[in-house]
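Asks: Residue numbers (my numbering), protein chains in the order written: chain S, 790 to 1016; chain Y, 141 to 475.
The set of hints was computed from the structure by calculation and includes no laboratory data.
Just so you know, even glycine gets a beta-carbon here, dropped at the ideal spot from N, CA and C.
It is possible that some hints are incorrect.
What follows is a list of derived Cβ distance ranges for each label pair [said to hold, decoys possible]:
1) Pro264/Y to Trp1009/S: 25 to 35 Å
2) Trp921/S to Lys160/Y: 31 to 41 Å
3) Val816/S to Arg156/Y: 50 to 60 Å
4) Ser998/S to Lys243/Y: 57 to 67 Å
5) Phe925/S to Lys158/Y: 30 to 40 Å
6) Arg321/Y to Phe925/S: 32 to 42 Å
7) Val208/Y to Phe925/S: 25 to 35 Å
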Amino acid sequence: MLSAAEAQILSTSFSVASLALLWSLPVAIACAFLLARQFPGKFLLDGLVHLPIILPPVLTGFLLLLLFGRNGPIGHWLEQVAGIHLAFTRKGAALATAVMIFPMLVRASRIAFEALDPRLLDAAAVLRAGPWDRFFSIALPLAGPGILAGAVTAFAAGMGEFGAVITFAANIPGQTQTLPLAIYAVLQQPGGESEALRLAGLSFTLAMSGLIGAEFLQRWMTRRLKG
Amino acid sequence: MNALDVDIRLVRGAFRLKAKFHVPGDGITVVFGPSGSGKSSLLSAIAGLVECKGYVRLGRTMLSDSAVDLHMPPDERGIGVVFQDARLFPHLTVRQNRAFAFKRAPADRRRDIEDVARFFDITPLLDRSVGNLSGGEKSRVALARALVAAPDFLLLDEPFAALDGMRRRAFIQVLLDMHKRFALPMLVVTHSIDDAAALASHLVALRDGEVAATGPFDQATREPGFAALLDSRDCGAAASGILLHSGADSGQRYLWLRADHIVLATKRPVAISARNILEGEVMSVQTEQDGSCLVELATSVGVILSRVTGEAVAELELAEGKRAWALVKVHALQA
């Protein structure tokens, strides 16, 4: 089945994608909830959210280096205050991945929130539920299937992030070498095609299971929700 | 008790609402008006779901007052709302919908939820999901849920709009019983004069976003502004429900007697099928545009109206001060 090296690559990919999802999802849900309603300056936030899609991934990685690198303003502060290094570490790979999957998460959550009947929130308000209460007890559960499906898709996509990750976190086996980075590495060596093909097959299977899993999960949850 | 005082102005696109009225803290007040007259906007403003100019006061508490930029959020007002479309939470069962309200009710004012469930006959529905309830079941669950939240005042936005005939009358009966049992002041929106008469002790009539008439139901319905709200075939008057023979003890406060359904006689009729023969004195006779005449008659059940032809007025010599008997079919009382 899998060689030790392949298992390590897979585990790195899983851990990077999981961490990325953990960081990205709460922020994405908050952004999506905001974007599903009207407020001044909405177009600015909307643009900002979509930036990682528009920019070349290498540029996103480079911007992260500028901000979160040792000499970058945030990176320097993080090292001083918490002793955290991000550039060229696994956490850094997760941060780059988090940024890249962020637009996808916002989009899925936003669609879910926009499908929500705002009159139900009014009904909750007159039953003495405050704004936070309404968000957690009505909006979030009803948008849940859409958000979760988005999260599974984003997780699958997150395991395949390349440009931003390699720029910000480099290609360190056992640390930041995820599946696509490993494919890239073996392709650089003569005769690496067969190993590359194995890894590619693995990557493809994971991505497809993610998509199919998301679809089934959403159907199942929606059915449960509507009784 | 918690009287409600409202003096608000609200602009929504091309629609303007300007309403000033007082709602007593006991009894049921009906907000009556044709669709588009601003009834739902008025309710939203009182509940705090939309911001408005002016003020809304419940008892001694100011709920909103634009003069001092006060706008209490809806979840702090203690005003419950039963919406036309029930708005049950689809991800929760009936039991969980009820629990949602119960958990958020002030601890010292919580009602016995099993008692409420029995009252609205929803105990067998508790474990159902709200998606497969009938219209009537949804309405009852929505009422129970609103009541369990222990509001100080309850607003109902055409809660029986989805119900027809028998079910509608049954639901009105539930509202009347509920009012008696739980002593909760209520404001009910409707565009049906029969529903209004059945429920109302007090009236706020709206037309084009303004108050056309307000006061105790039987008096307010006699204000000149009120008649203009009605379809000509609904033209009539409120009669005391307790004093009329309506075929069943309805417990309804008033019944709407349509002028078209009242026959007049100037001698006491005998051997006749009409169950209600009301003796009274003619107060006025008005000729309408179409040539028919509206006769106002003071009776023991209140001032009622009868529409008769001009020939009949001449033949019976109907004029102010004349003694007359009004005949009302029981059937006419069950609109």
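Asks: Next step is simple, just say for each hint if it's right about the structure.
Replies: Hint check:
no.: 1; hint: Pro264/Y to Trp1009/S: 25 to 35 Å; in the structure: holds, 28 Å
no.: 2; hint: Trp921/S to Lys160/Y: 31 to 41 Å; in the structure: holds, 35 Å
no.: 3; hint: Val816/S to Arg156/Y: 50 to 60 Å; in the structure: violated, 42 Å
no.: 4; hint: Ser998/S to Lys243/Y: 57 to 67 Å; in the structure: violated, 40 Å
no.: 5; hint: Phe925/S to Lys158/Y: 30 to 40 Å; in the structure: holds, 38 Å
no.: 6; hint: Arg321/Y to Phe925/S: 32 to 42 Å; in the structure: holds, 34 Å
no.: 7; hint: Val208/Y to Phe925/S: 25 to 35 Å; in the structure: holds, 32 Å
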